[in-house]
Amino acid sequence: MVSLAQLCSRLGSSLQPAAGGTVPGRQLSGVHISELEDPTPYLEGGELLLTTGIPLRGAAGGSRQPGPAGPLNQANTAAYVRRLAERGVAALGLGLGEGLDEVPEALAGACRAERLELLVVPDGVPFMDVSRAYWDLAAQSGQADLVAGLGTQTALARSALRPDALPAVVKGLAQALGGWAAYLPADGGPETFWPGSVAALVPELRQETVRLNQAGAPAAATFGLHGGAVVEYPILVGRRIEGFLAIGAGRTLAKADRQIILTVCVLLSLKAQQRQELAGTSAALGAAVAKLVLRGHAEAARLLAADTGLGPLAERVRVLAVRGGSPERLGALAGLVPALAAQEELPGLAEQLAACVFRLAEDGLAWFLLPADPAPGSGPGTAADNLAQPWQEWGWDQDGWEQGDAGSVPAKPGAAVVPGPPPAAPARPADDGAGLPGAALTEPLALADVAGRAAALRQAALQAPAGELVGTGGGAEARADGWVDRLAAYSRADLPGTVAAYLRHRGHWEEAARELQVHRNSLRHRMAVAGRLAGLDLDDPDTAAHLWLALRRRGL
Numbered sequence: 001m002v003s004l005a006q007l008c009s010r011l012g013s014s015l016q017p018a019a020g021g022t023v024p025g026r027q028l029s030g031v032h033i034s035e036l037e038d039p040t041p042y043l044e045g046g047e048l049l050l051t052t053g054i055p056l057r058g059a060a061g062g063s064r065q066p067g068p069a070g071p072l073n074q075a076n077t078a079a080y081v082r083r084l085a086e087r088g089v090a091a092l093g094l095g096l097g098e099g100l101d102e103v104p105e106a107l108a109g110a111c112r113a114e115r116l117e118l119l120v121v122p123d124g125v126p127f128m129d130v131s132r133a134y135w136d137l138a139a140q141s142g143q144a145d146l147v148a149g150l151g152t153q154t155a156l157a158r159s160a161l162r163p164d165a166l167p168a169v170v171k172g173l174a175q176a177l178g179g180w181a182a183y184l185p186a187d188g189g190p191e192t193f194w195p196g197s198v199a200a201l202v203p204e205l206r207q208e209t210v211r212l213n214q215a216g217a218p219a220a221a222t223f224g225l226h227g228g229a230v231v232e233y234p235i236l237v238g239r240r241i242e243g244f245l246a247i248g249a250g251r252t253l254a255k256a257d258r259q260i261i262l263t264v265c266v267l268l269s270l271k272a273q274q275r276q277e278l279a280g281t282s283a284a285l286g287a288a289v290a291k292l293v294l295r296g297h298a299e300a301a302r303l304l305a306a307d308t309g310l311g312p313l314a315e316r317v318r319v320l321a322v323r324g325g326s327p328e329r330l331g332a333l334a335g336l337v338p339a340l341a342a343q344e345e346l347p348g349l350a351e352q353l354a355a356c357v358f359r360l361a362e363d364g365l366a367w368f369l370l371p372a373d374p375a376p377g378s379g380p381g382t383a384a385d386n387l388a389q390p391w392q393e394w395g396w397d398q399d400g401w402e403q404g405d406a407g408s409v410p411a412k413p414g415a416a417v418v419p420g421p422p423p424a425a426p427a428r429p430a431d432d433g434a435g436l437p438g439a440a441l442t443e444p445l446a447l448a449d450v451a452g453r454a455a456a457l458r459q460a461a462l463q464a465p466a467g468e469l470v471g472t473g474g475g476a477e478a479r480a481d482g483w484v485d486r487l488a489a490y491s492r493a494d495l496p497g498t499v500a501a502y503l504r505h506r507g508h509w510e511e512a513a514r515e516l517q518v519h520r521n522s523l524r525h526r527m528a529v530a531g532r533l534a535g536l537d538l539d540d541p542d543t544a545a546h547l548w549l550a551l552r553r554r555g556l
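When we follow UniProt numbering, the leftmost residue of the sequence shown carries the number 1, and every step to the right adds one.
It is worth saying that the hints were derived from the structure and are not from the lab.
Check each hint, because a few of them may be wrong.
[To be verified] Derived DEER-like restraints, expressed as beta-carbon distance ranges: (1) T154 to G88: 35 to 41 Å; (2) S326 to A199: 37 to 43 Å; (3) G227 to T22: 30 to 36 Å; (4) A199 to A139: 27 to 33 Å; (5) T22 to H226: 55 to 61 Å; (6) R10 to Y42: 38 to 44 Å.
[What the hints assert, rightly or not] Restricting the straight-line Cα-Cα distance to at most 20 Å, the calculated cross-link-like pairs of lysine to aspartate or glutamate (EDC-like) are: (7) K291 to D449; (8) K291 to E208; (9) K291 to D363; (10) K291 to D307.
Heads up, the beta-carbon is just placed ideally off N, CA and C, and yes, glycines get one too.
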């Protein structure tokens with residue numbers, strides 16, 4: 001914008017303060033020429049208003065004598081100046097020579113009373129010169145702002161290409177606006193902000209982002225925080241909110257500042273989209289490696305993992321199979337497994353699953369290749385730093401596996417990256433595993449031996465009770481005996497006898513109900529309870545066979 005001081009400096013003697021002295025640096029929104037008694041309906045505030053003094057002449061009642069030679073009316077003058085001041089006019093410029101040869105004292109006094117700056121345009125200087133000078137300065141200022149804005153946007157775009165892109169962009173934006181900036185991922189990941197003092201504001205910013213995320217607000221929102229205004233912009237990829245950019249500017253935002261902010265929003269959106277694409281590519285490559293191992297092509301799997309940058313395959317692995325696997329639920333299952341009845345000799349299972357990139361969903365099972373002897377310090381953010389780190393919180397409504405954000409980027413001098421709380425293993429529900437999948441885990445195997453154990457692992461996972469993690473050793477009888485124990489613990493009906501009759505009659509409801517002397521609907525209800533308690537599909541032939549043998553061992 002152009003200031004009053006700049007305009008007076010440009011015009012020199014063609015525009016001077018009526019009382020002399022220093023010209024204030026008040027910003028001007030424009031130059032307006034009017035001879036109306038009340039020009040305020042046509043003003044927005046902040047203008048330099050130019051007049052020859054015609055509105056100041058006339059009777060006290062408001063009438064004006066014709067011609068420029070009418071006497072100055074003091075009441076009219078005071079009312080005129082008051083209206084301009086109330087409208088927010090920045091300054092009044094009086095053109096001499098057209099009826100007034102000097103500044104009337106009544107006008108000077110009224111301007112002093114209302115604190116309205118009074119300027120003089122000497123006789124012979126056209127008002128057009130003042131207007132033209134203003135717009136010349138405005139054009140120069142706009143061009144300078146444009147050049148500065150383009151320079152800032154170019155610098156931010158270059159920052160987006162750096163390895164520490166997110167901290168660099170956040171710091172660059174905060175410095176460009178003379179304030180602070182923070183990026184908060186919508187999934188609760190680590191926040192990135194600059195300067196470091198913003199850390200104290202992060203909890204309150206998080207509360208606001210949670211509210212906006214729940215509302216699915218696709219537009220910017222403004223709210224007050226510790227006496228200052230904060231603007232939060234959603235970072236979108238398609239229609240999905242990936243995070244929020246919070247800004248506390250150190251000044252009133254100009255048009256160029258808003259353009260810079262929009263540029264940063266676009267850059268952050270592009271980076272989020274790139275991370276999603278990287279996550280999808282990494283997932284596809286990791287699934288291909290896992291499939292090769294399960295099919296017996298261990299050497300091809302090693303070559304593919306090495307050539308695509310997924311990292312070396314361990315020579316010895318444990319293979320985990322989880323029921324309910326599908327491509328969109330791989331991440332959710334990885335988060336659920338630690339809540340199962342994990343064996344004590346498996347420390348760090350949650351961390352291994354979170355870092356596992358060799359995962360595959362096939363035939364209703366999710367397969368994970370885990371290193372049998374993980375290197376010290378391996379886990380999220382180390383062994384697979386070059387990949388998108390998958391993690392899903394507890395819940396079946398998650399779609400796909402999420403990717404880590406700035407937490408995997410080492411902090412550099414500048415923007416601070418503060419990691420959020422580590423993902424905790426979900427607490428096991430009080431209903432003893434109801435709703436959780438069954439899973440099976442092998443003992444440590446040589447990579448070349450995985451294919452030979454895949455069938456046994458698959459069967460063990462399909463037969464594993466809901467909410468339990470079982471092994472693949474010779475524990476089939478023990479597992480089946482455990483199923484019978486669960487059924488026998490139910491006191492409201494004879495579930496072992498009910499299941500035995502159902503299996504004895506090969507699933508024929510009428511014959512089984514006749515043997516038990518109950519109605520078919522009662523039998524159906526008991527069987528549903530039995531399946532839910534044992535976490536089994538009683539119509540699965542493999543499951544039914546093991547369960548039948550266990551029941552026979554009990555004499556049923």
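Hint check:
no. : hint                     : in the structure
1   : T154 to G88: 35 to 41 Å  : holds (37 Å)
2   : S326 to A199: 37 to 43 Å : holds (40 Å)
3   : G227 to T22: 30 to 36 Å  : holds (32 Å)
4   : A199 to A139: 27 to 33 Å : violated (43 Å)
5   : T22 to H226: 55 to 61 Å  : violated (36 Å)
6   : R10 to Y42: 38 to 44 Å   : violated (25 Å)
7   : K291 to D449             : holds (14 Å)
8   : K291 to E208             : violated (44 Å)
9   : K291 to D363             : holds (12 Å)
10  : K291 to D307             : holds (16 Å)
Violated hints, in rising order: 4, 5, 6 and 8; the structure is consistent with all others.
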